[in-house]
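Starting from the known structure of chain G, fit chain H onto it as the hints suggest.
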Amino acid sequence: MTPKPPDPRPRYDLPLPPPPASLRRGPFRAGAFRSPLHEPRTTVVLGRWLGAALLVCFLTGLISHALQDPPGWIVPYLQSRPVSGYRITQGLHVISGLAAIPLLGAKLWTVYPRLFEWPPARSVLHALERLGIFVLVTAMLLELFTGLFNTLQWYPWPFPFRQTHFWIGWLATGGLLVHIAAKGTLIARHWRRPAVGLPQRRAFLTAVTAAAGVVTLTTAGQAVPFLSGLDLLAPRRPDLGPLGLPVNRTAAQAGTVTVPADWRLRVDGPRPYVLTLAELGQLPQYDVELPIACVEGWSASARWTGVRVSDLMERAGAPAGASLRVTSLEANGPYRVMEMPAEYAVDPLTLLALRVNGEVLTADHGFPARIIAPNRPGVLQTKWVERIEVL
Amino acid sequence: MPRWLRAALLLGGLALIAYGLSGLLADSYITDPFDVLVWAVGAVVLHDGLWVPLLLLLGASVVRGPVLRGWLIVAAAVTAVGLPAVLRDGTNHGNSSVLPLPYLRNWLLVLAATAGIALLIALVRRWRHGGLHLRGLHLKGLHLKELRLRRRARPADPS
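Residue numbers (our numbering), protein chains in the order written: chain G, 7 to 397; chain H, 4 to 162.
Just chain G, with the same shape it has in the complex (with noise of 0.2 angstroms):
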């Protein structure tokens, strides 16, 4: 059997002329990468895994701005079961996406040559797959560094993270999926293990995949409770921070660190009616156990003992299936104001908590009161609220 020939050029396709030959130079010259692993089986493998890792990545961002910014149609389906999905969801994008660094350089290392392949471009469409490939690759890069970075708060770039990462994954996804249709023929070709094998693709390979485990290994720990002794090179350890638990938003950022001596907590609804801490602390308490889990990735178990928010709701004489709004005492800050849909506002697991692991709230953790609830991103854990009104 003779190998299949390239797939001829589609009839409504423009050929372009070739460049001179005379700058055929450097990298462009046939034969100036000499490895033998820059051919297709070695891409295609790692290829599956790169794309399983953005399709991962994908999907779990998707659940968290679901989960963090629902668009209203959205809203009467989001769950607050499991108690730990956003935890392990949120978890898996952020593992995906540490180990889909090493794998996304093995795979543009075997395409290197490519870049300077010749001529740049033989056809209309050769060109357009080309400019598809640009905004893949440039897509996958940014969304890799703005990712890891965004886990270290560190925040070198002018444009806002949040949403740059959500529209340029949406790129980067697009990118991937016109990558795999102009490549189909290719990669179903290398699809299988060819009967003779490469040693150094197998050496190359397993070198690749030691990468992606140590990077996971080591950074796991801050959202896997068993790999939490690995944790070396993560930007947070579940059992480090006030009371044995991370902050993401401390109460000197959130200008929260003195509460009024006032304080009160206000509950608005049918028949509104204010608390104090003292009061609040009179009311039936109940222990829950629930994770924070975090938008960077980090996520810890914690006890959390307070009053339940169905409990304040039916106080307030709310109606069957309302809905909440909380306020902090924050200043500003873009999660000051929460929305908590009636899902999460009536199950029993959602508290305004008191105290964590056994102790008073700390500045930092909320003092006087926080929301904690199942299966919502950390952001929406409302610190320091001072105002409940049910809608």
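Keep in mind that the hints are not guaranteed to be accurate.
[Said to hold, decoys possible] Computed Cβ-Cβ distance ranges for the label pairs, DEER-style:
id	chain 1	residue 1	chain 2	residue 2	range
1	H	Leu40	G	Gln288	57 to 65 angstroms
2	H	Leu61	G	Thr368	44 to 52 angstroms
3	H	Asp51	G	Arg393	48 to 56 angstroms
4	H	Arg129	G	Thr368	52 to 60 angstroms
5	H	Ser99	G	Tyr83	33 to 41 angstroms
6	H	Asp35	G	Asn363	39 to 47 angstroms
7	G	Leu20	H	Thr82	42 to 50 angstroms
8	G	Thr368	H	Gly68	49 to 57 angstroms
These are calculated hints, taken from the structure and not from any lab test.
Ideal Cβ positions, reconstructed from N, Cα and C, are used throughout, including at glycine.
Quick look at chain H alone, frame taken from chain G:
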């Protein structure tokens, strides 16, 4: 891959790109989308124009053998993920739970531990391929005669 699947992937991919692009351009928080383009192109230029050529030069000139090459791949990955934390160490805006670990030490520790594993692998490979030579140093105490293994001719290093 069937034609219909490729067509569906192409159309789906183009739709996602169009959605992402329109969202990026219309987002009220992203006041200057050109900034994003500058950083995106900058990332590619740095990666393809500086980082990969450096790797290729290193790989073509200095690096010999699959184990050293493998360890360098691991070290590069660990550095890409760990170095920002090392550089950022100590900058936490008063939040002691951000970057709470000794990152320089940990980064060196991971490099050292993986180098140790790589060295072990290299030694085992040498052992299996013949006598134990460390760059001219012949460890007599470990000579393989005692293990009744005969030294074989080493096959040419495939890399």
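Fill in: Those earlier numbered hints the structure runs against, lowest number first
Of the numbered hints given earlier, the structure breaks none, since each of them holds.
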